[in-house]
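Trainee: Below are the chains, spelled out letter by letter.
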Amino acid sequence: MTPQELDQLAQAFEIEPTFEFLSPEGSVGYPQDLHELDINDVRQMIAESERYADEVKALATANPATAD
Amino acid sequence: MYTDDQLRMVGESAARSIAERSKWIHRRVEQITFPLPSDRVYRRDISIDFTIPDLAPIGGDRNQGTPRYYVPLSLLERWPPLLRLDLRNAEGVPIPLLTSDQNAITDAALLRAIARDVLKRSGLSLNEELEEQVNRLAGLREFDRQPPPRERVLTGTLLSLIPPSTLGRRSPESEALADDDLFVELAGAMPRTTLLWLRVEGKIGDREVVKLSYDAPFRINPRSRSVFGLEPLIVDFQAPHLGGSGSYHLAVSVPPPLMISDSALLLMQPQTAQGTPHVHQPVTGCTSTQQSEDFVSSEGVLSLYAHNEARDARFYVSGPRTGSQGKVRIATVVERSGLIRPGTMAGLAITILLAAITLRLGESLKNREAVVTTLLVAPALLAYLVVRPADHVVVGQYVGGLRRVLILLGLLPLTSAVALAVAHGWTCALKLILAAATLIAAGSTLILAAAWWKGGSGEMRPFSSSKAKVS
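Residue numbers (our numbering), protein chains in the order written: chain A, 1010 to 1077; chain B, 7 to 477.
These are computed hints drawn from the structure, not numbers from a lab.
Do not rely on the hints blindly, as some may be mistaken.
[To be verified] Simulated restraints, written as ranges between beta carbons of each label pair:
#  : chain 1 : residue 1 : chain 2 : residue 2 : range
1  : B       : VAL99     : A       : GLN1013   : 43 to 53 Å
2  : A       : GLN1020   : B       : GLU138    : 39 to 49 Å
3  : B       : GLU137    : A       : THR1011   : 47 to 57 Å
4  : B       : PRO43     : A       : GLN1013   : 37 to 47 Å
5  : A       : GLN1020   : B       : SER343    : 29 to 39 Å
6  : B       : ALA257    : A       : GLU1029   : 14 to 24 Å
7  : B       : LEU387    : A       : THR1011   : 50 to 60 Å
8  : A       : GLU1029   : B       : LYS372    : 52 to 62 Å
9  : A       : GLU1029   : B       : TRP459    : 22 to 32 Å
10 : B       : ASP92     : A       : GLN1020   : 34 to 44 Å
[Claimed, not checked] Covered stretches of chain B, as calculated for chain A (at least 3 residues, CB under 8 Å):
#  : region
11 : 78–84
12 : 209–223
13 : 235–248
The model shown is predicted, which means the values in this text are computed figures rather than measured ones.
Backbone N, C-alpha and C fix where the C-beta goes; we use that ideal spot for every residue, glycine too.
All chains should be built: construct the whole structure from the sequences, respecting the hints.
Mentor: Structure (structure tokens):
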């Protein structure tokens, strides 16, 4: 399978399925929870955490007396 | 009845084996069927071929009778409980399962043993606080009947993803554990899942086969055009063992009158917690018409196969792929000879009949009784297509639109017959009613004809078609 064919196949997998047959099983080494979580939510949480950390750092730099 | 110490010994002894599972899990064969027509569940029958790894036998003494082992062969969601779970050995004898409390003790012992090994390599030890956290992840301290809140799943799985700059400095023990793929992935899965320890009797190194089956629910996302047979129905099968160990076989059989028009398999790069879980990079894949050549990676050779024939599809993967995420899809269509072809023929006949009556309304009114009788026969002919033994819920979802078109086609001659019977003579209103019925019948027949024509076209093979469309 050429890279173009693989890319085309990956695009065909983007179509929303009509039926989803879920499996209650998982295999070790397959991070099920990561798969189930929407990665955009995770990214947003990380971004918010980083923004908060930056804000705290900025506040501490601006006013060292209140850093604690 | 096993003591807690016996179970702990089993869990601890499995720490090394579970890291090397690709060496002792040889083959996993899954079959998906739809035995219960009225329920929104499907059945998975699984057989696992493996060699008993180097584990401690339950009960300790290997010399008294045949040793008995509990082998960690899969992960199972804690909640909800599986429907019709059945575990059997190769001879078909039922195998008892550990209770949830026994499972938690064994899981926790395994996770603690892995954690101790990881920390020992870094010259560290498992402190009381970490041990408590590990026990909680394995469900030993708090066994929730509901899935844990997302925050706890995040705590278990994603800590290693969040950069230390965000969370502050972690302890050296936490850093070491977060750096170990096996620990993070197992600990990440533990809050929601539990290990499936299957009991076998024999000696270390014996080849064994166990069989399990259960029913699982499925999810429906209705799509408008596919219910009219104009698009294939796309079906996804979650198959975590595609990214597992040994060779993996999956067979799918759909209920009639559905047919499998296409099948495809896609393997993504390993999604380890330490890697790049947000990147779904396909590694290789295959369809029923484009078989993948063996994919050579640094770890070895991957072989993939997908094929469909009538109501069955088969998939196969072998080679090193632990931690990969795999996807399996099939496209299904309604068998043309069962519902669509007779429906199209009947639609065509009804359209011609109504058109003839509309165009020769004067003469039709002179032979009113014969015309009305003829019009009443048409719905009866269609009834055999609509009123059939109950279809499987999967089939009903797919052919629902086509059935509605057939019902409409049956109502049109019925309405026309009533209009003709009550009419006093030739009127413009009667002509208009019959003309409208003819047009609607023609439109309905066109939908059926389109479904018939499209049923054999390349559009019903969305994975194999070179012009795969993305909606």
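Trainee: Honestly, which of those hints from before does the structure not fit?
Mentor: The structure breaks none of the hints.
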